[in-house]
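Sequences and hints are given; from them, build the entire structure.
Sequence order for the protein chains is A and B. The first sequence begins at 246 in the working numbering and counts up by one. The second sequence begins at 246 in the working numbering and counts up by one.
What the hints contain is simulated information worked out from the structure, not anything from laboratory work. Keep in mind that a hint or two might mislead.
Note that the list lumps identical chains together, so a pair holds whenever it fits in one copy or between two copies.
Claimed, not checked - Below, in silico cross-link-like pairs of lysine to aspartate or glutamate (EDC-like), each with a Cα-Cα straight-line distance of 16 angstroms or less:
(1) K310 to E330
(2) K307 to E252
(3) K266 to E294
(4) K310 to D329
(5) K266 to E308
(6) K257 to E348
(7) K282 to E330
(8) K316 to D329
(9) K310 to E278
(10) K316 to E278
(11) K266 to D290
(12) K350 to D290
(13) K282 to D329
(14) K307 to D329
(15) K282 to E294
(16) K316 to E330
(17) K350 to D329
(18) K250 to E294
(19) K257 to D329
Computed from a predicted structure; not experimentally measured.
There are 2 protein chains.
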Amino acid sequence: MGATKTEHFTDKQNAIATLAKALGHPARVAIIEYLMKVDACICGDIVNELPLAQPTVSQHLKELKNAGLIKGSIEGNAICYCIDENALSILQSYFATISDNLERKKINCC
Amino acid sequence: MGATKTEHFTDKQNAIATLAKALGHPARVAIIEYLMKVDACICGDIVNELPLAQPTVSQHLKELKNAGLIKGSIEGNAICYCIDENALSILQSYFATISDNLERKKINCC
DNA sequence: TTTTTATATTGCAATATTACGATAAATAAT
DNA sequence: ATTATTTATCGTAATATTGCAATATAAAAA
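Right, here's the structure in full:
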């Protein structure tokens with residue numbers, strides 16, 4: 246098969262899975278971290294920062310964009326990418342909630 | 246190809262990507278949420294909770310275990326699974342750090 | 001001991017992902 | 001107008017993932 250059975254899961258579960266999947270590759274984690282580091286929207290540069298060919302980087306950027314993790318706007322003949330804060334705040338609050346619950350329960354039976 | 250070039254990225258980036266990838270499927274998100282909900286280690290039940298065949302669920306559990314998100318211990322003829330708090334706390338603090346940085350910067354140029 | 005219960009493994013088909021060379025498209029610079 | 005620069009898309013090969021039926025394994029129950 247290879248196709249995910251999304252229809253059986255909740256919208257929230259699918260949304261989290263989509264965001265997580267987009268970060269499920271080190272190059273895409275590196276892109277997010279680079280966008281954080283440079284402290285600004287980046288027009289270009291990303292290809293030079295990564296050990297991957299330009300079409301590959303372009304593809305990774307597209308996936309991050311499709312997942313909603315980054316935004317891109319055309320700026321002359323370059324494209325300006327930056328992090329979508331909303332998506333990251335969804336992930337932040339999701340994992341904060343889980344960690345809080347685990348902290349409160351302290352099951353620890355395994 | 247299809248194989249990820251992990252060797253060019255930092256250990257941290259690969260670690261985050263591995264955890265994120267493991268959560269990049271709604272069934273695996275659902276498993277984590279179920280383990281949270283039942284408030285205990287679960288021996289069995291997981292297969293009945295998911296709309297997937299037993300071998301498929303077993304495979305998803307294996308991937309969560311390989312990524313370090315859950316632990317499993319043999320309990321008679323059943324297996325007792327529970328969340329590995331450490332892995333979730335890594336994700337929690339990673340996204341908290343990113344969100345904090347974004348909050349502080351407020352770039353918002355795209 | 002045979003049967004049941006719970007989980008894992010194997011094998012396979014369908015599809016998705018990763019990576020890149022070649023090329024296109026679109027604006028900027030000369 | 002031509003050339004350079006920047007990014008996207010196409011095509012394709014290699015590999016990975018998803019899902020399940022069939023089967024194996026191993027302990028519990030009968």
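Practice problem: Evaluate K310 and E278 at a C-alpha cut-off of 16 angstroms and name the case that applies: within, between, both or neither. | Solution: Close inside one copy (15 angstroms), not across copies (26 angstroms); limit 16 angstroms.
Quiz item: Is the C-alpha distance from K316 to D329 at most 16 angstroms within one copy, between copies, in both cases, or in neither?
Solution: within (6 angstroms within a copy, 33 angstroms between copies)
Exercise. Pop the pair K282 and D329 into one bin, within, between, both or neither, using alpha-carbon distances up to 16 angstroms.
Key: The answer is within: 15 angstroms in one copy meets 16 angstroms, while 30 angstroms across copies does not.
Practice problem: Pop the pair K257 and D329 into one bin, within, between, both or neither, using alpha-carbon distances up to 16 angstroms. | Solution: neither (18 angstroms within a copy, 22 angstroms between copies)
Quiz item: With identical chains treated as interchangeable, where does the CA-CA distance between K257 and E348 reach 16 angstroms or less: within a copy, between copies, both, or neither?
Solution: Result: close neither inside a copy nor across copies, 22 angstroms intra and 24 angstroms inter.
Quiz item: At most 16 angstroms between C-alpha atoms: does K307 with D329 qualify within a copy, between copies, both, or neither?
Solution: within (14 angstroms within a copy, 32 angstroms between copies)
Quiz item: Taking 16 angstroms as the upper bound on the Cα-Cα distance, should K266 and E294 be classified as within, between, both, or neither?
Solution: This pair counts as neither: shortest intra-copy Cα distance 22 angstroms, inter-copy 22 angstroms.
Quiz item: Given identical chains, is K282 near E330, meaning Cα to Cα at most 16 angstroms, within a copy, between copies, both, or neither?
Solution: So K282 and E330 pass the 16 angstroms test inside one copy only (14 angstroms; across, 28 angstroms).
Quiz item: Is the C-alpha distance from K316 to E330 at most 16 angstroms within one copy, between copies, in both cases, or in neither?
Solution: within (10 angstroms within a copy, 32 angstroms between copies)
Practice problem: Since the copies are identical, ignore which copy is meant and state whether K350 and D290 lie within 16 angstroms (CA to CA) inside a copy, between copies, both or neither. | Solution: The answer is neither: 46 angstroms in one copy and 20 angstroms across copies each exceed 16 angstroms.
Quiz item: Is it within, between, both or neither when you check K310 against D329 at 16 angstroms Cα-Cα?
Solution: within (9 angstroms within a copy, 30 angstroms between copies)
Quiz item: How would you classify K316 and E278 at a CA-CA limit of 16 angstroms: within, between, both, or neither?
Solution: Within one copy, since 15 angstroms is at most 16 angstroms while 29 angstroms is not.
In summary, the numbered hints that this structure violates are 2, 3, 6, 11, 12 and 19.
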